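In order, the protein sequences belong to chains A and B. Its first residue numbered 1, the first sequence is counted upward by one per residue in the working numbering. Its first residue numbered 1, the second sequence is counted upward by one per residue in the working numbering.
None of these hints come from the bench; they were simulated from the model. Just so you know, not all the hints are guaranteed correct.
[As the list claims (entries may be wrong)] In silico DSSO-like links for lysine-lysine, alpha-carbon gap of 30 Å or less:
1. K2(B) <-> K31(A)
2. K31(B) <-> K132(A)
3. K72(A) <-> K2(A)
4. K31(B) <-> K72(A)
5. K2(B) <-> K72(A)
6. K132(B) <-> K31(A)
7. K72(B) <-> K31(A)
8. K132(B) <-> K2(B)
Everything numeric in this text was worked out from a predicted model, so none of it was measured.
Take a look at the letters that make up each chain.
Number of protein chains: 2
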Amino acid sequence: MKYFEDIAAGEVWRLDRREVSAEEIIAFATKYDPQPFHIDAEAAEQSFFGTLIASGWHTNAMVMGMLADCIKTQQLVSLGAPGIDQCRWLVPVRPGDVLSGRATVMATRPSASRPMGLVTLRTEVFNHVDAKVVQLDGVGMYGIRPSPGSDATA
Amino acid sequence: MKYFEDIAAGEVWRLDRREVSAEEIIAFATKYDPQPFHIDAEAAEQSFFGTLIASGWHTNAMVMGMLADCIKTQQLVSLGAPGIDQCRWLVPVRPGDVLSGRATVMATRPSASRPMGLVTLRTEVFNHVDAKVVQLDGVGMYGIRPSPGSDATA
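Bound conformation, chain A alone (with noise of 0.2 Å):
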């Protein structure tokens, strides 16, 4: 296992590549973000965008996706996350991208009220092109070392 005080700040967690597909888009839009331009084909080529397009929460949805991956690989004791600092949707998504990127331990802090450590991240993810399309800055919660002797399943 990996814990808070195995994270160090300049670390880079690599995100394995995530492909995109059209009916992908449509079925997490039909239920989340019923947008036409994020569940008709042809109303999105009349749209702002030119084309069917991911919706940001979908395209966030498959970076934690990529993230909770990169946590189970690396062990990482992973206690959730208490939001998001900032986000932004550079480039749009659209079916056939190929995702893949990297996560930037930007800094880490012991937490002042509980036995967690707090793990700022930088997100960022990119196309096939090497366009970023999306940069999230977050702070993690992770789990603490158990002392020699503890009840580790506590």
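Use these hints to put chain B onto chain A, whose structure you have.
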């Protein structure tokens, strides 16, 4: 249709209720945020949170669904959004919660570079016991009223 020119600072848009089920929490998280406390009720009981909780990204997707309903009802000419300025997940969203809320127009300004308007919105969503579960600050892009005689579909 309600255009940028029809939106005024101080307006409050009502966000209609949305029920949260364990099935939907697990389905979303399985695809986008497969951490144990989002997908496995038993593991969640042993976690920091004590029960299954919705991914914050799922909460935000549901909030977007409520906003999209509100855009449709008001016939707002929404052109999407460039990002989020701040998001705070204040209280976990759990199975059985019923969410509702409001979006308050904090400020409006014409875009300096494009024929559209920018609306700063604070979105606050509460559960059925009136605890605020999320607060989201962001900017949305809205279409401007076509001038008389112009092609309104352009």
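Hint check:
1. Only pairs whose Cα atoms come within 30 Å are accepted, and K2(B) paired with K31(A) is accepted, the gap being roughly 24 Å.
2. Between K31(B) and K132(A) the CA atoms are separated by roughly 23 Å; this keeps the pair inside 30 Å, and the hint holds.
3. Distance restraint check for K72(A) and K2(A): the Cα-Cα separation of roughly 10 Å lies within the 30 Å cut-off, and the hinted pair is therefore satisfied.
4. For the given pair, K31(B) sits about 14 Å from K72(A) by alpha-carbon distance, which is consistent with the 30 Å threshold.
5. Distance check on the hinted pair: K2(B) and K72(A) sit about 46 Å apart at the alpha-carbon level, beyond 30 Å; violated.
6. Restraint check for K132(B) and K31(A): the C-alpha separation of about 23 Å stays at or below 30 Å, so the hint holds.
7. Between K72(B) and K31(A) the alpha-carbon distance is near 14 Å, which keeps this suggested pair within the 30 Å criterion.
8. Using a Cα cut-off of 30 Å, the hinted pair K132(B) and K2(B) holds, with the two alpha carbons roughly 29 Å apart.
Hint 5 from the list above is the single one not met by this structure.
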